[in-house]
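Following the hints, position chains B, C and D against chain A.
Residue numbers (my numbering), protein chains in the order written: chain A, 1 to 223; chain B, 224 to 469; chain C, 470 to 693; chain D, 694 to 842.
Derived by calculation from the structure, the hints in this document are not laboratory data.
You can trust all of the hints, since none of them are fake.
To give an idea of the chain A side of the interface with chain B (calculated C-beta under 7 Å), a few residues: (1) Leu152; (2) Leu156; (3) Pro169; (4) Val170; (5) Ala172; (6) Pro173; (7) Leu176; (8) Ala177; (9) Leu199; (10) Phe203; (11) Ala214; (12) Pro217.
In silico negatives: residues of chain D with every beta carbon more than 10 Å from chain B: (13) Gln706; (14) Val744; (15) Leu750; (16) Val762; (17) Asp763; (18) Gly781; (19) Gln789.
A quick note: this is a predicted structure, and the numbers were derived from the prediction, not measured.
Note that beta-carbon positions come from the ideal geometry of N, C-alpha and C, so glycine has one too.
The chain contents come next:
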Amino acid sequence: MLRDAVVMAGKDLRIELRSRVATNQVAPFAVLVLILFAFALDPDRGVLARAAAGLFWVAVLFCALLAIQRAFTVEASDGARDNLRLSGLDPAAIFLGKAGAIAAELALLEVILGTGVVLLYNRSLHGPVLLVVTCALATIGLSAAGTVYGALAAGLRVRETLLPLLLLPVVAPVLLAATRASEAALGGTTGDGWPWVRLLGVFAVIYMAFGVVAFGPLLEESS
Amino acid sequence: MRSGIGTRLLGTAAVASLALLAVMALVITPQDVNQLDAVRFLYIHVPLATLMYVAFGVTAVASVLYLWPRYRARKWDLLAGASAEIGVVVTGLVLVTGSIWGRTTWGVYWTWDARLTTTAVLFVLFLGYLALRRVGGDIDARAKRNAIAALAAAIDMPIVHKSVEWWRTLHQKSSILDEETFMHPHIHGSMYWTVLLGIGAFLLLFSWLLVNRYRLAKLEDRLEDEGLERAIAERRAEADALTGAP
Amino acid sequence: MDSVVVHLHGAVSLLGRFPALAGVDLDVAAGEVLLVQGPNGAGKTTLLRACAGLVPVVDGEATVLGHDLRKDRRSVRRHLALLGHATGLYDDLTVADNLHFVARSTRHAAAPPVDEVLARLGLAGRLASVQVSRLSAGQRRRVAVASLLLRPAQLWLLDEPHAGLDADGRERLDALIVEASRAGTSVVMASHELERARPLATRIVTMAGGQIHTGTRAEVVGVA
Amino acid sequence: MAVEDQRAPGRTQGRRRLIIASLVVLAALGFLVVRGLGNATLYFRTADEAVAQRQQLGTERFRIEGTVVDGTVKGMSNAVAFNIESKGVRVPVLHQGDPPELFKPNIPVVLEGHFQGDAFASDRIMVKHSEDYVAKHPSRVTVPPSTVP
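Bound conformation, chain A alone (with noise of 0.2 Å):
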């Protein structure tokens, strides 16, 4: 299963490298809403520092969004769909494959997110160990709930509206705890934020449990 995993993560990423997608569409979208946010509420610059945590998971949620309709409008195409169901893969391995990618491709979203925060935002970092579980937990959450609704809005004529109105409240305690515990990071209060690194680790556990059970059904759906 692990083994098809990787290849299915490693097909998604290989993807991603050719067309180039994530790093000249999404990265640039990222960086974007960093400076529109900083743009907005420059005039009052305490209040840019003291959101920075909020603003910085916004944007990855967004980021999230545009990873996840990619990674699945890719295999919508052409009848790629029934090729995956045809290939044999444990339709387990193919969630934790695509979750994997789009999680690889959160990551990499993520240090070009952190760096821009620190810049832009004007914020120094005290506790790097909570930050970096903080944002590996957060991500894996992310990601694992995301292939569960992309999967699920796949085959749907209605696909681009409707999976922001799923998911978004579905990872709304990702959005809180994540945000919590990065705030925790940066201000040097690193006590308060653990307690919120639990709850994203129970997140990403739950979510990663309900998609390699429910993919295979999800998969079979829709023709």
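Positioned in the frame of chain A, the structure of chains B, C and D alone reads:
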């Protein structure tokens, strides 16, 4: 399928108990020592909130039953949808009554405390679920998709709840379901009984609405099924026309 | 060994609420090359997709390669190959990337190496490293045909296999079909290009209105 | 064709996977319920906590909670001054604007604002009600409003 005597009795009971509730809530029960007349929101807000959990609970259980191969039947999907529809309306009403009550007692319409945030997220989650239900496709595929979406939303609820419960709340704690004080309720005398009456009355109303909505969904479904048999016959006739006599 | 590769009896499949297959009876033996002809909308594509376990059979009997499709339509898939209308290729990947992905995901030990497959379809060399989005329709088709060879197929399901291919591509495809059938692979193909497909077929059936009509009457009607 | 014997393990594997996944989900949710209440200082700080964290808070905005001390409420034009108390710690408050209708002494309130010197400058008062509902003119004893334990 006309509505039976049972359903009509249910409807009558719901209307009667709601009328009784109105009299109790608006006339008979006294003012609260702190909240004065604003306390009367208690008799509609708390029952509605209870109903909200019941409605989404029914949706979640019906979805599990649909996904369980041994119990799989289209009726569970129809029941889940019917219950979620009522649940979303009820949640909307919970938010509205809560806001008005909040304005008169706390002094604000809305604040991002735990209880309010959780309810708002619940509202949006199931709004998305209803939007998904309206998307077409193969019937069984659609039902399976709906059930998975309902479960994904349902298992998110404890997480949302916990994530916001780490906040203290402006919202008061539960007055009814507190086992330590069940026999010595936080709510005084006739006010307590009126809240219980309210919960009962709204549960009757919910059952009545659910029965009717479910019956309607079932009729729509049967209409499609009858069409199917005709469609197979037509399809065969199409072949006969091409190949001569049958 | 079961010599009946496909066994359908009264099979019904729905596309939404539309009965695309309205009671199909069909048996295909090992090594047979079956041509399914019939007008547009007769249900040929759905027949192939149902055999592949992609479209559920909701009524009647359906057994493919020993798998009862009404109980489990998933496990049969890894044993067959389907060439559909859509090529199912990833536009952003190169020709070689696409075939490598097929090879890796099917994990078929006896499959020929990708380079060899490319050569057999005339795709070796410069073309192999071109992104699929830059290929012509015919070239895409060739890549899809190439991926057939990478699958461990006891059964080939070909939907309009000749469509879009040039003369050279058709020659290559015909050779592959003949070779596969000699090796024991059963082939079911749906086609409108009868003059091309008939010489390949060991048996011909006609489909209309979601049903199969065998024997002479169907031949006489000759719907094409 | 050796397919018949391949299917059975495939099916039990799916079932085992479902059971394991359900257990994982339940365990994770259970963990959250049991270990969840780590720190609960987020929606508001009580008056005594706020005073203890006075240095760290600086002029940051936060919410503060306490019971309005009887006899300290002084109304001014478009403002009101009073003290709030929690666990014996008092904080003087200056609120800009009119207090809500149900504002009165001896009830718990949540205020939004920031420290200004030793006083709390508030711009929003929310009256926090307890879960107790008591008739206005009962023959029985009234329960005093509770605050956070």
